[in-house]
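*Asks:* This is what each chain is made of:
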Amino acid sequence: MSFFDLTGTLKPLTALKQFGKQPHTISYPKVKKEAADRYRGFHYNDLEECIGCGNCSTICQNAAIDMIQIEGIDGKKGDSGLRPRVDNGRCCWCALCVEVCPTGSLSLTKDYLYVSEDPDTFLWTPGVDNPEGKERVSFTSTGDSSLNVFQRVPMRELEGKERVKSFAEVVLGYNEAEARAEASRCISCGICTEVCPDHMHIPEYINAIAAGKDDEAVRIIYDNNPLPEMCGKVCTRRCEDVCALAHRGEPIAIRWLKRYATETAVTADITHEIVNPVIKESNGKTVGIVGAGPSGLTAAYYLALRGYDVTIFEANAKAGGATMYGIPKYRLPIESLDKQIEYIQSIGVKIHFNTKVGKDITFKEIYEKYDVVFMGVGFPAAWTLGIDGEDAQGSVQAVNYLHAINSGDKVEIGDKVIVVGGGNVAIDAARVSKRFGADVTILYRRRVEDMPADWEEIEGAEDEGIHIIPQAIPVAVHKDENGRVKSLEYVLAEMVPDERGGRPKPVEIEGSNTTIEATSVMAAIGQMGDYSFLDEYAETIKVDRGRFVVNDKQQTTDPKVFAGGDAVNRTADAISAIADGFRACKAIDEMMMGTEK
Amino acid sequence: MKELKENIIQRLKTNFADAVAGSEFSYNRVDVHVKKETIPSILFYLKEEMGYVHLSHISCVDWLEEGEFELVFIVWSPVDKVKVFVKTRLDRENPVLENIDMIWRQANTYEREFREMFGIQFTGLVAPDEFILEDWQGPPPFRRDFDTAEYAKKTFWNRPGREDAQDVRETISGRDGEEIPDFAKKYSR
Chain A
1 MSFFDLTGTL
11 KPLTALKQFG
21 KQPHTISYPK
31 VKKEAADRYR
41 GFHYNDLEEC
51 IGCGNCSTIC
61 QNAAIDMIQI
71 EGIDGKKGDS
81 GLRPRVDNGR
91 CCWCALCVEV
101 CPTGSLSLTK
111 DYLYVSEDPD
121 TFLWTPGVDN
131 PEGKERVSFT
141 STGDSSLNVF
151 QRVPMRELEG
161 KERVKSFAEV
171 VLGYNEAEAR
181 AEASRCISCG
191 ICTEVCPDHM
201 HIPEYINAIA
211 AGKDDEAVRI
221 IYDNNPLPEM
231 CGKVCTRRCE
241 DVCALAHRGE
251 PIAIRWLKRY
261 ATETAVTADI
271 THEIVNPVIK
281 ESNGKTVGIV
291 GAGPSGLTAA
301 YYLALRGYDV
311 TIFEANAKAG
321 GATMYGIPKY
331 RLPIESLDKQ
341 IEYIQSIGVK
351 IHFNTKVGKD
361 ITFKEIYEKY
371 DVVFMGVGFP
381 AAWTLGIDGE
391 DAQGSVQAVN
401 YLHAINSGDK
411 VEIGDKVIVV
421 GGGNVAIDAA
431 RVSKRFGADV
441 TILYRRRVED
451 MPADWEEIEG
461 AEDEGIHIIP
471 QAIPVAVHKD
481 ENGRVKSLEY
491 VLAEMVPDER
501 GGRPKPVEIE
511 GSNTTIEATS
521 VMAAIGQMGD
531 YSFLDEYAET
541 IKVDRGRFVV
551 NDKQQTTDPK
561 VFAGGDAVNR
571 TADAISAIAD
581 GFRACKAIDE
591 MMMGTEK
Chain B
1 MKELKENIIQ
11 RLKTNFADAV
21 AGSEFSYNRV
31 DVHVKKETIP
41 SILFYLKEEM
51 GYVHLSHISC
61 VDWLEEGEFE
71 LVFIVWSPVD
81 KVKVFVKTRL
91 DRENPVLENI
101 DMIWRQANTY
111 EREFREMFGI
121 QFTGLVAPDE
131 FILEDWQGPP
141 PFRRDFDTAE
151 YAKKTFWNRP
161 GREDAQDVRE
171 TISGRDGEEI
181 PDFAKKYSR
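Protein sequences appear in the order of chains A and B.
Residue numbering for the first sequence follows the working numbering, beginning at 1 and increasing consecutively.
Residue numbering for the second sequence follows the working numbering, beginning at 1 and increasing consecutively.
Note that these hints are calculated values from the structure, not bench results.
Note that CB positions come from ideal geometry on N, CA and C, so glycine has one too.
Any given hint could turn out to be false.
As the list claims (entries may be wrong) - Computed Cβ-Cβ distance ranges for the label pairs, DEER-style:
no., chain 1, residue 1, chain 2, residue 2, range
1, B, ALA149, A, THR267, 24 to 32 Å
2, A, ASP118, B, GLN137, 56 to 64 Å
3, B, THR109, A, LEU113, 53 to 61 Å
4, A, PHE150, B, TYR151, 43 to 51 Å
5, B, TYR151, A, ALA35, 25 to 33 Å
6, A, LEU96, B, ASP164, 19 to 27 Å
7, B, TYR151, A, ALA36, 43 to 51 Å
8, A, PHE150, B, THR109, 21 to 29 Å
Said to hold, decoys possible - Pairs of lysine-lysine residues, derived as DSSO-like cross-links and limited to a Cα-Cα distance of at most 30 Å, are as follows:
no., chain 1, residue 1, chain 2, residue 2
9, A, LYS542, A, LYS560
10, B, LYS186, A, LYS586
11, A, LYS213, B, LYS153
12, A, LYS364, A, LYS213
The shape of chain B in the complex, shown without the other chains (with noise of 0.2 Å):
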């Protein structure tokens, strides 16, 4: 398993200049990640050359903190029994990708999804504008950025009967007579 792994790495690295591998694990995943421009051929060569068939799987994470989108292909090859992990960083601020859905049609789905919960766009891509969300006008719901309390709050009204509602820190400290200072109430929950 580990020279199989170490095997998929080699090739993928000859093929292809900016691919790194990423963290190791002890199963039977491996982790490579490449730059933007190099998704669709990387993908496509996984597919096509080395057998990884299947598209298991599309995920984004979104590191507010450093400005950028992740999207996590993982594809899984039914021979090696191996998951590759395919990973490439977007600007947040202009999260642009190639469309794949002509390698696997189903990424369309995912990119359709990408496209509204994080407002990724995929050049290419030839979808009905709206996917889940109906008449959506706030930003892309998924980005970490966006306060889903404050959006209940500001668009959903309390049913009548829940006025009687109480805050705890303000129910003890009634209580026992704590005077919680004004500039102190800032930390308060």
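Okay, chain A solo, but in the shape it has when bound (with noise of 0.2 Å):
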């Protein structure tokens, strides 16, 4: 290079003619650059949304999520009041919590920035910390991207040409594969287990059922309910309502899947070898226990485990109350429910059938003869419609209709059925009808979405060719010469709000009246106990508004005698029963034993 080769030095000279030219990059004003779409920074958390179900904390594989106790969060049904708090300092931003999280409250942000000299400043809960996190979120879960399978596996079940032929059992079941395949979208947080009035161990026998163990689960099950497969059948399942699943997607089939489980003890020798009851020594107490309803079998079956001597008085020529006698056998097979009751007399439960307390045996009696007496009662008389024309020939009450027809009885129903309700016995009688070949309706005084009775019951009965008349209140029966029902008044109503905030009220609509033809008129509006087989009996055991007083621990007024079932608990669901007796069967112990707390 010679001396005087300038082209080094005045090269970059040649950039000023840049100057003052628009730049291409970068813009003026500076704007800070936005995070990707997609970008994983700090978590945030909707603390409405989220139900505490801790799948978050479960999954993360650096352990950076706790499970904590927020001020101003308190649990409750569906939610265990717990939120998740994040160690950032161990956080590895994978993500995971955010795609298995049930309800997709949980997120990430585009913040990524913080800097402290303190340690203990990672630690967060988000929601709680970065509420401004809410207008950040950038990688959230949505219901392609996330982990969880929110499709449920479908259950099998009859045509509804096919299903009105017979009493065939609608549902089908789960087989192997089905079951394993539903019971692994299961994420066992429990949040179900508070719902069920029995606290059944949910999430463990799922996930045994989950690993194949079907008599692991059949043993969990067993547990707390004598009575499972009937409970996998028929049971209002309260728990499929909170399933965490349920936010996004369908819950989990909990009732079908402790249906497989049980189902796969076929008789009651072989639930009996797998459940391997143990049965303790004989402590020479006694307990008489009056009707073998899902509470009275109960009671008794775990108070026979713990040593006492149970014998069980019922009334009818077979054991299990209104689910033998109210529920039609298309839902509930006869041979299952006799399965389950063989089992529980093998553990050594005595039931006199056919003796009706107050009848072929008083109360007295049982009182003096046992140490404790449990009473499941029920409620085994109708509301009437309390109407004109309500004694006319084939105008009964529903339940005593499922009652003949489930004990073998024929019933003279006609070929146009009327079934006034909108339960699960009045969904019942409907669809019993229809097996006789009746054309059916029901009347509804509300709206099909307000009935009581489950929704796959109402879908069933649509499905089968049954005509639903919501908004209609029955006004009188009318007779013919031989006082035979003829035809059905009814009036339709209107939805009025209830300024208290109730559930709308049906008011009548004048002038509305409207006949229809009619063979048989059935009133599912309720049903209510009898007590008059207490006798002297009914001064010192209470009853207010129809029902048993009792403590909480079913005790009532008179502190040997315990009581369970409809006639106690305003829920009126066989489950609620079952937990009845089991907590009364805790409490008879703990007194009998002097071991009450």
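Two chains, two separate frames, one set of hints: put the complex together.
*Replies:* Structure below.
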């Protein structure tokens, strides 16, 4: 390079020609660049959406997430009350926690800068410590990207047209592969167990099924429910309403999985072999039980396991109470119930059938003979409609009709049946009548969506061709010259919102009277108790508004007498009755063994 | 496209006796399975004779239940505009494969990663011992039988202030009085 070569000195000056031009790469004033669309920065948790299932905490491979109590958030049914807290010093932002979040409340934000000298400040409760994160979420959980399986394994059923031909069971049950697949969807949070009146160990038995250990599942199920196959077929399954997956998808088929597991124990003997119950040596105490319904059978089973000498007095020829006589056989086959009761008898429970307390034996005898008495007497009597002409021949109560059919009796209903009511009993009576070839219409005073019956039952009824007239209030039954039901007159109703915040009330529309032909009218508007068997004990055993008064241990106002089932609780379902029986068993055991707390 | 893909498979089958066509795809993808001994020659053939000059990716799948690793070589031809997936299986107990970094130099980096993360050995590989992990003593961490959560629990300690953590299942069962029997607890989360 010569001395006069100035290229290297002057070349950089060429850059001056750009002076004053609009730059291509940087904009002024300087705009901070946004992170990418699916950037995985700090966590944000929508505290309202979150149900505290803890799936994020479980999946975290770095153990960076704790579930903690937060001020102002209380646990309730369907919400553990806990919320995740993240140790950002351990988090690696893999976002698995977001991908497994069932509700989609947890997400990652675009924020990724945080500097502090104090390592303790890296512990964050998303949503509490960074409420502004709500506006900054980027990596969110969507139904498509979620690692949860939101679709339930479909249940096979008989076709509607096939169903009405017989009393064959409608639901066909899961096979092994289907059950394993369905059980594997469960995230085992246990939120469901709080809602179950009996607090069954749901995640445990579902995990056992998923692991291929059906026997273990059956043992876990029998830990606090001696009639699980019945529950597996007809439970009101409030557990499924709060299932974590139900927030964005279909809940785990908890009921069908229980049914699958218990059906693997095909006979009472096999059930005995699988459950392998430990029966304590006799402690010499005796318990008399009135009524072999779910609550009585439950108390009997667990008391017998604890060494008590248990005797049940049952008015009917078969045990099971309302589950035997109230539920149609296409939902709960008789063999299934018999198997479970045979098993309960096999561990030493004595049942006296066709022995009505108050008629064949007095309550006094039982009270004096046994150390403790448990009453699971249910609601045997039905409400009547209270309208003109109800005494007509062919006007019956739906429960009585179901009772007769389930006992094997023939009932003349004709070919045009009208069922009044919107509960499960109404739907059951309608679907049974349909199976006897009648045209069936259901009258309900409110809207279809207000019907207390299971939606599956309502759908099933519609599938089978049952006509539902909503917002219709019966006013009179008309008779023919022979005193038989000829027609039913009803008025239509409009729904008026309740000013006090209750559910809308049906109010009659004047002049909307309609009459439909009928050969039979069935009332299914509720049942009530019949406590005449108590005789002189009615003074000490108090009844309030149609139900026994009991404390939280199912003990009535007479300390020696306990009660459970429909005659006590307001939920009127089998699982609540089972829960009552189980609670009473524990209380009786504590009282008799002197370990009362 | 269909014809082109069939031709590729046909040509590979003719030249490599152990080549088996894999799953079919509606788009520009061809899968072919070979024995591990064939890997260097089939990749060399694809690159030099068939125009698959670009090595897009090498991936590894741990078939734990079958006791095998599967290596997937994805090569691309800018002329055919087709991706060819060459797959081979290695014994999980003794995973050894011929080094192929003389065909594509960048394979060297993939091989180092597989050696560290899956414990697969490549005969003739010349590369520094460590790749990403420093002073790693445990089993190769990308193997499916490596329990990340357990490792994290063993290796790191919880910072103070995390003692108030609660178990969801216990919180709920404590609240409603549910008594979970001991034999059932192993099925709890």
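*Asks:* Work down the list of hints and note, for each, if the structure agrees.
*Replies:* Consistency of the hints with the structure:
As the Cβ distance of B:ALA149 to A:THR267 is approximately 43 Å, the hint placing it in 24 to 32 Å is violated. Between A:ASP118 and B:GLN137 the CB atoms are about 32 Å apart, so this pair departs from the stated range of 56 to 64 Å. Under the hint 53 to 61 Å, the C-beta atoms of B:THR109 and A:LEU113, about 31 Å apart, miss the expected range. The supplied range of 43 to 51 Å is broken by A:PHE150 and B:TYR151, whose beta-carbon atoms lie about 31 Å from each other.
A hinted range of 25 to 33 Å for the beta carbons of B:TYR151 and A:ALA35 is consistent with their spacing of about 30 Å. The hint said 19 to 27 Å for the Cβ distance between A:LEU96 and B:ASP164, and at roughly 23 Å that hint holds. In this structure the hint that B:TYR151 and A:ALA36 lie 43 to 51 Å apart at CB is violated, the actual value being about 30 Å. In this structure the supplied range 21 to 29 Å is violated for A:PHE150 paired with B:THR109, their Cβ-Cβ distance being about 39 Å.
For the hint pairing A:LYS542 with A:LYS560, the CA-to-CA distance comes to about 13 Å; that is within 30 Å, so the pair holds. Between B:LYS186 and A:LYS586 the alpha-carbon distance is near 25 Å, which keeps this suggested pair within the 30 Å criterion. With a C-alpha separation of about 29 Å, the suggested pair A:LYS213 and B:LYS153 falls inside the 30 Å cut-off, and the hint holds. A threshold of 30 Å between alpha carbons decides the hint, and for A:LYS364 with A:LYS213 the separation of about 48 Å lies outside it, so the pair is violated.
Going through the hint list in order, the structure does not satisfy hints 1, 2, 3, 4, 7, 8 and 12.
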